[in-house]
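Protein sequence lines correspond, in order, to chains V and D.
The first sequence lines up with residues 1 to 116 when you count with the numbering used here.
The second sequence lines up with residues 117 to 229 when you count with the numbering used here.
Don't read these hints as lab results, they were simulated from the structure.
Among the hints, erroneous ones may be present.
Claimed, not checked - Okay, derived cross-link-like pairs now, PhoX-like style, lysine-lysine, Cα gap no bigger than 25 Å in a straight line:
1) Lys138(D) - Lys216(D)
2) Lys41(V) - Lys185(D)
3) Lys64(V) - Lys20(V)
4) Lys98(V) - Lys41(V)
5) Lys174(D) - Lys98(V)
6) Lys98(V) - Lys165(D)
7) Lys174(D) - Lys193(D)
8) Lys14(V) - Lys64(V)
9) Lys14(V) - Lys66(V)
10) Lys41(V) - Lys138(D)
11) Lys165(D) - Lys216(D)
12) Lys66(V) - Lys20(V)
13) Lys165(D) - Lys64(V)
14) Lys165(D) - Lys193(D)
15) Lys185(D) - Lys216(D)
16) Lys98(V) - Lys216(D)
17) Lys165(D) - Lys41(V)
18) Lys98(V) - Lys55(V)
19) Lys174(D) - Lys66(V)
20) Lys174(D) - Lys185(D)
21) Lys185(D) - Lys138(D)
22) Lys165(D) - Lys185(D)
23) Lys41(V) - Lys193(D)
24) Lys20(V) - Lys174(D)
25) Lys216(D) - Lys174(D)
26) Lys98(V) - Lys14(V)
27) Lys138(D) - Lys193(D)
28) Lys174(D) - Lys138(D)
29) Lys55(V) - Lys66(V)
30) Lys138(D) - Lys165(D)
31) Lys55(V) - Lys216(D)
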Amino acid sequence: GAVVSQHPSWVICKSGTSVKIECRSLDFQATTMFWYRQFPKQSLMLMATSNEGSKATYEQGVEKDKFLINHASLTLSTLTVTSAHPEDSSFYICSARKGQLSYEQYFGPGTRLTVT
Amino acid sequence: AQSVAQPEDQVNVAEGNPLTVKCTYSVSGNPYLFWYVQYPNRGLQFLLKYITGDNLVKGSYGFEAEFNKSQTSFHLKKPSALVSDSALYFCAVRDTGFQKLVFGTGTRLLVSP
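Using the sequences and the hints, build the whole thing.
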């Protein structure tokens with residue numbers, strides 16, 4: 001199998017605080033992980049691509065200083081939303097790819113962030 | 117740049133009837149096409165993919181998709197819908213030169229008993 005987990009599944013934080021979301025590949029090594037954001041009733045928007053051991057590549061319009069991504073190991077990537085604001089409230093989904101030649105991405109269950 | 121279009125926001129079908137969820141793509145080079153399903157408050161689940169080979173691809177849960185190069189389409193189909201198939205379906209494309217997937221806007225499938 002290829003299982004990806006996310007933690008937490010939902011989080012509520014106050015405006016101005018930071019929150020960290022973890023994405024783990026449980027039974028495989030993920031050389032590449034992706035972070036998506038999904039607004040209600042909308043499609044997934046790719047935020048960034050992270051390769052293990054290197055800096056993440058952010059999509060145009062995504063603030064890298066606000067959405068910090070760390071991919072320190074082959075099974076863990078983290079997304080930290082810094083100084084969160086209510087407009088950052090969203091559903092964040094990660095996915096992982098097994099290898100450079102793999103065509104498939106395996107998605108985590110998502111994390112619902114609510115900023116009050 | 118690669119893109120996919122899902123022209124229908126919602127598809128309604130009665131249980132037991134065949135279903136089709138439409139997807140068209142635009143990509144330079146050979147397309148790598150995918151279908152994913154999303155249940156409420158959950159991540160995406162892989163259904164099937166087309167890389168090369170037979171134009172009719174069979175996937176999970178009885179779904180299949182037909183790749184049509186001349187019409188640049190990759191419609192998702194199932195011969196007999198189940199109420200449990202009700203979910204949000206995403207078509208995606210990955211160009212051979214890029215790592216990332218580009219998703220369509222999604223189609224909500226509603227199967228009525």
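Notebook entry, point to check: Is Lys20(V) close enough to Lys174(D), meaning Cα to Cα at most 25 Å?
Noted result: The given pair, whose Cα atoms are some 38 Å apart, is violated under the 25 Å limit.
Q | Satisfaction of hint between Lys185(D) and Lys41(V), Cα-Cα up to 25 Å | A | The hint is violated at about 29 Å.
Compare the distance between the alpha carbons of Lys55(V) and Lys66(V) with 25 Å, and conclude whether the hinted pair is satisfied. This hinted pair holds, its Cα atoms lying about 15 Å apart.
Practice problem: Measure nothing beyond the straight line between the CA atoms of Lys138(D) and Lys193(D); if it is 25 Å or shorter, mark the hint as holding. | Solution: With a Cα-Cα distance of about 9 Å, the restraint between Lys138(D) and Lys193(D) holds, given a limit of 25 Å.
Q | Agreement of Lys165(D) and Lys193(D) with the hint, judged by alpha carbon distance not exceeding 25 Å | A | Answer holds: Lys165(D) to Lys193(D) is near 13 Å, not above 25 Å.
Would the hint linking Lys64(V) and Lys20(V) be met if the CA-CA limit is 25 Å? Since the Cα atoms of Lys64(V) and Lys20(V) sit roughly 14 Å apart, the hinted pair holds (cutoff 25 Å).
(message) Lys98(V) and Lys165(D) were given as a pair; does the straight-line alpha-carbon distance stay at or below 25 Å?
(response) Roughly 16 Å separates the two Cα atoms, so the pair holds.
task: Please work out if Lys98(V) and Lys14(V) have their alpha carbons no farther apart than 25 Å.
output: Violated: Lys98(V) and Lys14(V) sit about 35 Å apart, past 25 Å.
Discussion item. Does Lys216(D) sit within 25 Å of Lys185(D), going by the straight-line distance between their CA atoms?
Written reply: holds (21 Å)
| query | Between Lys165(D) and Lys185(D), is the straight-line Cα distance small enough, at 25 Å or below? | reply | With a Cα-Cα distance of about 15 Å, the restraint between Lys165(D) and Lys185(D) holds, given a limit of 25 Å.
Worksheet item: Going straight from one Cα to the other, do Lys66(V) and Lys20(V) come out at no more than 25 Å?
Response: Holds, at roughly 12 Å.
- 25 Å limit on alpha-carbon distance, applied to hinted pair Lys174(D) and Lys193(D): With a Cα-Cα distance of about 10 Å, the restraint between Lys174(D) and Lys193(D) holds, given a limit of 25 Å.
Taken one by one, the earlier hints fail for this structure at numbers 2, 4, 13, 19, 24 and 26, listed in ascending order.
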